[in-house]
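Undergrad: Sequence:
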Amino acid sequence: MKTWLSLSAVHTPSMFNLLFLAASLNAQNQSWDLANCTQGVLSVPRGSRAEMSCNISNNFTYVTIWLDNNIIFNKTPQGYFRRKEWELQVQGGQAQLVINRTLDVHTGVYLWYLRGCQGDFKNITLNVSEPSNKDEPTDKRLSTPPSDALIQPKRAPLEDGPETLVGVLVAVILILGLTGIGTLICYRRYRSRSPCGYVLQ
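Per the UniProt record's numbering, the sequence shown runs over residues 1 to 201.
Don't take each hint at face value.
[Stated by the list, open to error] Cβ-Cβ distance ranges computed for the label pairs, FRET-style: (1) Arg83 / Asn123: 15 to 23 Å; (2) Arg189 / Asn74: 46 to 54 Å; (3) Leu34 / Ile181: 39 to 47 Å; (4) Glu85 / Leu176: 47 to 55 Å; (5) Gly167 / Ser57: 19 to 27 Å; (6) Gln39 / Leu176: 39 to 47 Å; (7) Ser132 / Gln89: 27 to 35 Å; (8) Gly47 / Gln91: 23 to 31 Å; (9) Ser43 / Gly180: 51 to 59 Å; (10) Gln89 / Leu184: 54 to 62 Å; (11) Gly180 / Gly40: 44 to 52 Å.
Simulated from the structure, these hints should not be mistaken for lab results. Every residue, glycine too, gets a C-beta built ideally from N, C-alpha and C.
Could you put the whole structure together from the sequences, leaning on the hints where they help?
TA: Here it is, written out as structure tokens:
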């Protein structure tokens, strides 16, 4: 029992150090890139041009975009990319998704995973509707407001994303593992001593 107490006393400061380290890493992850994206629901007539954009204060490492759980662009780095009717331009801290002629299949929720210094998720909803006037040309350009005019949305508690959760889980698993190892060492030392003077197997 004495050995276990002395060993746990030795391991206790290291556990507090690990907790402090996990907390400080978590605090560093709170300085997000402040992503500004096209807000709310974007409605365009069928056959017209639609633009969605997201901007961050740092350069993008990559951008991933889903449409209703189907991946359109996956971990797309800097540059210009095209897939079917979708065109994605990623340059510095700006990413723009363009559809030149919108169709009904383009309607839905576009989930963006933006990776700069950290990761962030944003939703943009696109509605494609009937043109109001059939004689009217459908090549109208839908412009997105400049990034400085966008209003920063309130961050939901779960938007801190999987990275913060993974960091906390890793810290908890590490602490539990060290505690288990320390307990096992104490138990073996305690069991190795017998009142008769020989070592138990």
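Undergrad: All hints are to be evaluated individually against the structure, with a verdict given for each.
TA: Hints and how they fare:
For the pair Arg83 and Asn123, the supplied restraint of 15 to 23 Å holds, since their beta-carbon distance comes to about 20 Å. Range check, Arg189 to Asn74: about 52 Å between beta-carbon atoms, so the 46 to 54 Å window is met. The supplied range of 39 to 47 Å is met by Leu34 and Ile181, whose beta-carbon atoms lie about 41 Å from each other. For the pair Glu85 and Leu176, the beta carbons lie near 50 Å from each other, so the given range of 47 to 55 Å is met.
Roughly 22 Å separates the CB atoms of Gly167 and Ser57, a value that falls within the hinted 19 to 27 Å. A hinted range of 39 to 47 Å holds for the C-beta pair Gln39 and Leu176, which are about 43 Å apart. Take Ser132 and Gln89: their Cβ atoms lie about 29 Å apart, and the range 27 to 35 Å holds. Here the CB-CB span from Gly47 to Gln91 is close to 27 Å, well matched to the stated 23 to 31 Å.
Range check, Ser43 to Gly180: Cβ separation about 56 Å, and the 51 to 59 Å hint holds. Distance hint check: the CB atoms of Gln89 and Leu184 are about 56 Å apart, consistent with the given range 54 to 62 Å. Between Gly180 and Gly40, the C-beta spacing of about 49 Å keeps the proposed range 44 to 52 Å intact.
In this structure, none of the earlier numbered hints is contradicted; all agree with it.
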